[in-house]
Structures are given as structure tokens and as C-alpha cells.
Amino acid sequence: MAGEPDRLSALPDSLLHTIMSYMKARQVVQTCVLSTRWKHLWRSVPCLDLDLGEFRDDEDSDSHNSRYKDWEHFEDFAINLMIRHNIALLESFRLHAYRVDGHAPHYARERSSTWVCRAIKYCAPDPGIQREGSRSNSWRMKRLYLCNILLDNRFARHVSSACHSLEDLELKKCRFELNTITSHSLKNLVLTNCEFNDLSDITSSTLKSLVIDNRLWTSDLLVINAPAIAYLRLSIDSRDFNCISINEMPSLVKASIHLRGYRGSVTESELGHNQFKLLCSVSNATCLELSNLETMVHSEDSTTFKEFRNLRNLLLDKCDLSDDFQTLVLFLLNSPNLEKLTLRCCKFSNDSKKKKGTPKPKKTSSSQCRSLDVQCVNLKLTEIIYKDDDVRQLVELLLRISGNLPKNHLKLRKVD
Amino acid sequence: MAAPESGDGNNGAARMVTLISSDNTRFEVEAAAASLSQTLQLTILDGGGGGGDGIPLPNVDSATLSKVLEYCIKHAPAAANGGAPNATAVDRAELERFDNEFVNIDQSVLYSLIMAAHNLEIEGLQSLVAKKVADMIKGKSPMEIRRTLGFPDPTPEEQAEMNAHMLEYGWAYE
Chain C
1 MAGEPDRLSA LPDSLLHTIM SYMKARQVVQ TCVLSTRWKH LWRSVPCLDL
51 DLGEFRDDED SDSHNSRYKD WEHFEDFAIN LMIRHNIALL ESFRLHAYRV
101 DGHAPHYARE RSSTWVCRAI KYCAPDPGIQ REGSRSNSWR MKRLYLCNIL
151 LDNRFARHVS SACHSLEDLE LKKCRFELNT ITSHSLKNLV LTNCEFNDLS
201 DITSSTLKSL VIDNRLWTSD LLVINAPAIA YLRLSIDSRD FNCISINEMP
251 SLVKASIHLR GYRGSVTESE LGHNQFKLLC SVSNATCLEL SNLETMVHSE
301 DSTTFKEFRN LRNLLLDKCD LSDDFQTLVL FLLNSPNLEK LTLRCCKFSN
351 DSKKKKGTPK PKKTSSSQCR SLDVQCVNLK LTEIIYKDDD VRQLVELLLR
401 ISGNLPKNHL KLRKVD
Chain S
1001 MAAPESGDGN NGAARMVTLI SSDNTRFEVE AAAASLSQTL QLTILDGGGG
1051 GGDGIPLPNV DSATLSKVLE YCIKHAPAAA NGGAPNATAV DRAELERFDN
1101 EFVNIDQSVL YSLIMAAHNL EIEGLQSLVA KKVADMIKGK SPMEIRRTLG
1151 FPDPTPEEQA EMNAHMLEYG WAYE
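Chains as they are written, first to last, in this note's numbering: chain C, 1 to 416; chain S, 1001 to 1174.
What you were told as hints is all true, and nothing was included just to trick you.
Just so you have them, the derived chain C footprint on chain S, three or more residues with Cβ under 8 Å:
id, segment
1, 1105 to 1112
2, 1117 to 1129
3, 1143 to 1157
4, 1161 to 1172
Here are the simulated DSS-like pairs of lysine-lysine, each with C-alpha atoms no more than 27 Å apart in a straight line:
id, chain 1, residue 1, chain 2, residue 2
5, S, 1131, C, 142
6, C, 39, S, 1140
7, C, 69, S, 1138
8, C, 142, S, 1138
9, C, 69, S, 1140
10, C, 380, C, 411
11, C, 39, S, 1131
12, C, 380, C, 318
13, C, 254, C, 340
14, C, 187, C, 254
15, C, 387, C, 411
16, C, 254, C, 142
17, S, 1131, C, 187
18, C, 39, S, 1138
19, S, 1138, C, 172
20, C, 172, S, 1131
Calculated directly from the structure, the hints in this document are not laboratory data.
This structure is a prediction, so every number in the text was calculated from the model and none was measured.
Glycine included, each C-beta is placed from N, C-alpha and C at the ideal position.
The following block holds chain S by itself, in its conformation from the complex (with noise of 0.2 Å):
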């Protein structure tokens, strides 16, 4: 697990790295968990991050970071099998029992998630996002998305102009 406040990496059997967010903590992490990240991966492997140094992240909290860090712990032993063409099933169920608990989560975390897993490259984390806020949204109507989704109360203008729309669309609604 990533530990804040670490120093530099103890040689262990692994390769490490830190990560300081925007809010100034240091997250060490292996460098094959830390490389799911596409823009990360191209650092590290230009030897960046190790030593006392770290890559800093200005665009990610610690909090929004140790959730990051949570799912590529997790998922790189699997990614390093490269796509997992060797995975047992039992292996690919834990993974899927592990993204089903870790999206089920406040809608706020979600949006900073997506929007790290967006900046940070992260495809796997991005598209699991992605299709968690899509669940939120299918089979509901306008107004039950909105309510769904925390968007403010219309205002008299904006629902005239919900319900033209809704009358222009009427293709889609019908």
C-alpha cells in the first residue's frame, strides 16, 4: 500500500517510486503499479521518480492519489501478464469483485477519479469510471438524471428550454 511521508526507496526486490500530490504528500509505490500510467511510464522509465526526488502530480490530491494508487496496486500484477491471456478465472473474478467494490463510491470521488485516470493516462481506471456514472444515468428520465446527479434546480428559463428541447427531440423520446 502506498505509505504518505515515505523517504527514498530501501533497494527491496522491486523498484519504487514516489509520487508527491498537489497537496505536497509523497506516496511511494512499486514502479510496475505506478507505471499503469501511461504519462507516468515514460518518466519512470527514464529512470525519474526513485532516489529522493519524486514526481509531482499538481493536478491530484492525496486523496484522489491514494485511491489511484489503490487500483493499480491492484492491477498490476494482471496488467504485467500483459492483458492477462494467462489469468485464471478465479484471478479475472477477484479483479472484477475488487472494481465492482472500488466504484462504489460518492459521486464526487468518482469525477476526480475519472478526471486523474484521465490526466494520468490510466485507460482501465478511466473506462471502469466511465461506465460506473453511465449505470448511474441509464434507463432514467431527464429530470430523474439530473436529481440522480446533483445539477441544480433549473431555473423558469432554462426548463422552457428543457421542454422545447424535449419537444424538438421528440424522436428520441417518443
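Pulled out of the complex, with its shape left as it was, chain C reads as follows (with noise of 0.2 Å):
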């Protein structure tokens, strides 16, 4: 084996950077000892995941210390690699100063929020430099992923004057100080848990596809003005249903709405409201999954329902259709073109039987005239998946209006 030349080092650059673009950053420097080939070869990485787990001495018991110490590993690091690495290369940059078991310090937002303005300030391609006549500078970043970093005006201001490519944004545990989100080339937002307070809107007339997933909501209210959006998700508490309100979204192709249980003080019928003024604004959608919903229908409801006229897949999963089926009868009357419902694990019947009002007699109740109005001409298959709550009531609704559905094949399965 000795005197041969190693075989992966006969791999051309472009490829080892393939390879070391899987590597967390703190190793991609160290294959810079391996020999005299990779010596400078992570200089010109195109991307670097700098990853505060990755710092973690097992040695220290007192985890207090640890804490701080590690940290300081962290950013030893992480400024000698800003100054080194050639950053006007990088295409794709992770930064996650955060450790699952909550182990960074309190500054630790600050401090890589500094870092990284600096980085951009410093090292990124020269915006007063203009190529070939192009106006906008030449920097490649297309991917950032900042977990646990503060986001104020200075740093928004770095990141529009440079990244004139970014394409996809993730943010997790991010502080938000500064109001507005605003964007030309992002492809891709993804807001995981972060503390929004003043932000108040996200304009992008690019964004393509858009997730928020947070538990934590922080600002009175947040406005999407994205019209290019295909893709939806959002997963957030009941409470928070009246602090997003999005415009239209005429590309809208896919759409999903996931609520979480809190609802803190909100009232049933503002929560009903909340929740159907948000339905309303991803009427476009072709494909719609919904969870945890909670009834939602009161009487001028159903005039001010939007057509869902693009649907084609509808799911319900652990929604409360309890409300005689109305909110269900609604999504149907509504939804001419579907062709596909699925119900998973929702909720029929009422279990104290106790609801407020008179209970009508069954063979009169609304929803059930309303429902012989159903026609969805398209629909192939209903498939109806419970789990011990009675069905026997919704497959007869269903049968009832068979007529209404000539296609229509329906499917049960018990689940446990």
C-alpha cells in the first residue's frame, strides 16, 4: 500500500467537495492535515454546517462549566473559519448554535448573529464590484439554515445587500427584532419555533413554498403576501389561528393545516371563526389536509364559504365532525371537482349527547337537508378510517346522498 497514491485523493476537487459538503464543518477543516492534496481544500467548500453539537467536551462533569466552555470552542472555531474560509464560494451555509439538550448560553444568539453579519460584511463578494455590466453582485449563497440566532435590522440589511441568490431560508429558534421579511429570489421559507415579535409581514413575490411550524407566537399579527405560494404548511396552536392572515394565493396547489390542541383563552365561537377565515385563503388549493380542526359552523357560515373550486383531495385527520356532520356537509357543498376524501381518525358522535339546544329529530336535522345540495359528480372514493367512534351515522349520511355521488366507492377500515 505505501508509495501508491491514495485513490480518493485522485478524485477531482469538485468531488471531495461533494463529500465534505456531508461533513459537519469542524471536520471539514481537520482534513486539512490528511496531506498535501487537501491542504487548502476546504478553503473553497461550497458548503459548511457549523454545528455548536459538534463542540462537546465529555470530559467536564460540571455541566454549568461545560456549558461556557464548550461554547467558547464554538466560537473559537467558528471565527477562525469565517476568517479563513473563502467565503465568497459558499453556496450553502448551516449554523446551528444550539444543542439539544439545551446546552448553549444565553448570549449564544448575539454572538452568532455578530458573527455572521461579519462574515457577510467582510467576506462575502464585494457589492460595489459589479461583473460585466450585471447589477447585482455575484455572491452564490443559495441556502442558509440559522438555528437559535438573532435576527435584527442589521442583519436584514446584510442579507439583502449580498445574498441576491438566496433561494431557501430555514429558521429554527430565531429570534425575530425587525418587522419585515422581505425577499426577490427565496424559493423556500421554512419558520420553526421562532420568537416573531415585531414581525409583521413576509412579502416575496417568489416564494414558492412555505412552512410554519411554531409554538411560540410572539406578534400580534403576521401578514403573507406571497402570491406565488404552491405549497403550504402551517402548524400552530388553535390561539394563534387569528395572528396569520395570508393573501391570495392563486397558485396555490397544496395546502396543509395542522392545529395544535392549546387554545388558551379564545372562545369556541372565535376559534370557529379564526379557523374558518383561514380556510377561506387556501380556497385555490387542489389538495387540502387539515388536522385537529374543531367544528366551526354557525349559521352565516355557510353563504360566506368560499368555493373551493380547484379540489381534488381532501383530508380530514382527527377533526371534530361531532357538529351533526355540518362542517363536512359545508367542505362538500363547496367542493364541486373532488375526487378523493379521506377522514382519519375523526370525530362523529358526541359523546355526552348533552350539546346545547334542542336536539332535532334526526330525520329533519340541517345538515341533512342541506346535504341532499351536495354534488360532487367526481368524487371516486371516500375512505373513512376510525377507530372506535361509530361510523354508522356518516356512511348513511353518505348513502343518503349516493345519488349526488354517482362515482362514489366507500371504503372502512378499523384502525387500533
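Two chains, two frames, some hints: make the complex.
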């Protein structure tokens, strides 16, 4: 073996860079000692993944002490890395200033925000230098993933002046101290458990996919202006439904709305109303997945609900349909082109049987009357996946209107 | 599966193309599978590779090409689905299982494969192998990496250089 050059080092730089892009930053830098061939390779690697989790001193048993020590090593490394790496060649950057065990000092967010700003300011291609008449600078940075970082106006200024090619932005556990996210290049935006504070709008004409998965909601109202969105996923607490307002999304293809249980002090009728408004904003979707919705139909709703003209595929997952199926009927009435309906582990009946108002005799209940107006001529499959709830009433309802669902097949499946 | 030394494509349901390795072995595959290669896709769209012609691949030997095609044939149906938004969880799990086993091979074959994937522009295969090689490096010290990846033993000068480097890059080793 000795004397023969190794096969790995014989690969071209671009392939070695591809291999390095699957490694964390510290290990990438450590390859510099492998041989002369590897000495400078790391400096031009286009993807960097900088992770506090890579800096763990297991020997120090004092966890309070090691928190600061690990952070110090991480910070030393990050600063050295940003000075020595050719940041102008970066296409993808991941900064994870958080550890699963919560092992990051309280100043982690501010500090890491400062390095990123500095790296952009001093190391990115100079926006002042223009290339062949092109007005935008040529930084290739396409993907940015940040976890546990402070996003303030200074940060936003640097990003918007340098990152003209940014397509994917993922922010997790970040704290916003700015009002707006605006971008003319962004295609995918993911926000996970961020502190929104004053963030009041997201505006982008290019955004195709938006995912918001947030447990904490500290902003009063977040307005989304992104008309090109094709994919939307929201996963938020019930009480926060009125904190988000989404403007027209004519290109919407798939929307998935997941409501988390916590509703705080919001009353049932407010919740129904907010849910209703949010659902109206996704009325252009062809595929809709709704999870954990509460009942929401009130007398005025049925006339103001939007028509889901494009809807082909509707999944209701763990939704409350115990309002004598009024919510379900409302969807069917407004989805003339529906092809597939799936009801997974929904609640069909009210256990208590003590609903407010006088229970009407079954034969003339309002939803049963209105259900006769349902016209889903393209509905091919209704799949009901149920646990232990009684499906008899629902099946009866569907059978009664089967004349209006000429192509429908009914499939029942009991799960544990 | 790829059949070496087969003649021109008999007109079955799917269009077939012939690829010729550097050591002159002929492989007949479905055009859909070969089209996972961005490079080949263009030639195939222009009508190349059919009949008795075949597309010569002077940079890929037959052992590597047969492995590359094994990957392409397995992944072609999912790729035809446009990145597989319709693929079921079962299909995906099966592909994953295949991928894991597929790269469980000798290092020298891995390097030949990644070069071929690079030349033929088969992105999925390139990432798969790159990830495998990265996994072989992860969590190891420089000396362990050198040993695992079959680097020649360092000369005394190289060893001295490595040591000096370790000092210079103390910030990455602390």
C-alpha cells in the first residue's frame, strides 16, 4: 500500500467538495492535515455546516461549566473558520447555535448573529464590484439555515444587500427583532419555533413554499404577501389562528393545516371564526390536509364560505365532525370537483349527547337537508379510517346522498 | 437487467438504447433508465443510442457501468414520477434499503462509481456515494482516516508537515 497514491485523493476537487458537504465544519477543516493534496481544499468547500453539537467536552462533568467551555471552543472555531474560509464561494451555510440538551449560553443568539453579519460584510463578494454590467453582485449563496440566532435590522440589511441568490431559508428558534422579511429570490421558507415579536409581514413575489411550525407566537399579526406560493404548511396553536393573515395565493396546489391543541382563552366561537377565515384563504388548493380542526359552522358561515373550485383531494385528520356533520357537508357543498375524500380518526359523535339547544329529530336535521344539495360528481373514493367512534351515522348520510355522488366508492377501515 | 453483448433493441414496449463501455462491452437498457444521466438524456432525446449504433462511454469500464445501470434501473420508476411525490412510504423504504446495500461495497468501486456518476451527471448516485464516503471519514482522527481510506504511510517529512499543520490548526482540534 505504501508509496501508491490513494484513490480518494485522485478525485477532482469538485467531487471531494461534494463529499465534504456531507460533513460538519470541524471535521471538514480537520481534513487539511491528511496530505498536501488536502491542505487547502476545505477553504473552497461550497457548503459549511457549523454545529455547536460538534463541540462537546465529555470529560468535564460540571455541566454548567462545560456549557461555557464548549461555547468558547465553538466560537473560537467559528471565528477562525469565517476568516480563513473563502466565503465568497459559499453556496450553502448552516449555523446551528443550539444543542438538543439546551446547552447554549444565553448570549448565543447575539454572538452568532454578529459573526454572520461580519462574515457577510467583510468576506462576501463586494456588492460595489460589478461584473460585466450586471447590477447584482455575484454571491452564489443559495441556502441558509440558522438555528438560535438573533435576526435584527442589521442582519436583514446585510442579507438583503449581499444575498441576491438566496433560494432556501430555514430559521429555527430564531428571535426576530425586525418587522419584515422581504425577498425577490426566495423560493422556500421554513420557520420553526421562532420568536416573531414585531415581525408583521413576509413579502415575496418568488416564494413557492412556506412552512410555519410554531409553538410560541409572540406577534400580534403576521401578514403573508406571497402570491406565488404553491405549497403551504401551517402547524400552530389554536389560539394563534387569528395572528396570521394570508393574502391571495392563486397558484396554491397543496395546503396542510395542523392545529395544535392549546387554545388559551379563545372561545369556541372565536376559534371557529378564525379557522373559517384561514380556510377561506387556502380555497385555491387542489390538495388540502386539515388536522385537528374543531367544529366551526355557524349560521352565517354557510353563505360566506369560499368555493374550493380546484379541490381534488381532501384529508380530514382527527377533526371534530360531531356537529352533526355540518362542517363536512359545508366542505362537500363547496368542493364541486372533489375526487378523493379521506376521513382519518375523526370524531363523529358527541359523547355527552348533551349539546346545547334542542336536539332535533334525526330525520329533519339541517345538515341532512343541506346535504341533499351536495353535487360531487367526480368523487371516486371516500375512505373512512376510524378507531372506535361510531361510523354508522356518517355512512347513512353518504348513502342517502349517493345519488349525488355517482362515482363514489366507500371504503371503511378500522384501526387500533 | 443490463445484458452484455446484445444486438439492436427489439421493439418491446419501452424504447431501448445501447451503451458501450471503455472495454467495448455493449449494454442494452431502457431509455428511461439511461436518461437518469443528464449527459445521456440529451443524446437519447436526439434519437441516439438506438439501432445498432450504441453510445460509446470511453471513461467508464464495464464493471462500473454495470453497477451504474443497476442503480439507474432501480431508480428509473421513481424518477419518472417527477421526484416521486406519489411514491408510497413502502416504495421509498424499499429504495432506501436498496441504496444502503448498493454502497456497501469495496472502496475502489465507490471511487469509480462516483467518477462515473460525475461524468454522466447522475446526481442521485453522486450524492449517494459522496454521503457514504463522508460517513467513512466522520468521527475519525486524521491518522484513522488515512488508514481507513488507504492513504500511503506518511514519509517522515509528511509526518512533520502534518504535525506542524495540527499546531497551526489548533483551533479546529481543541
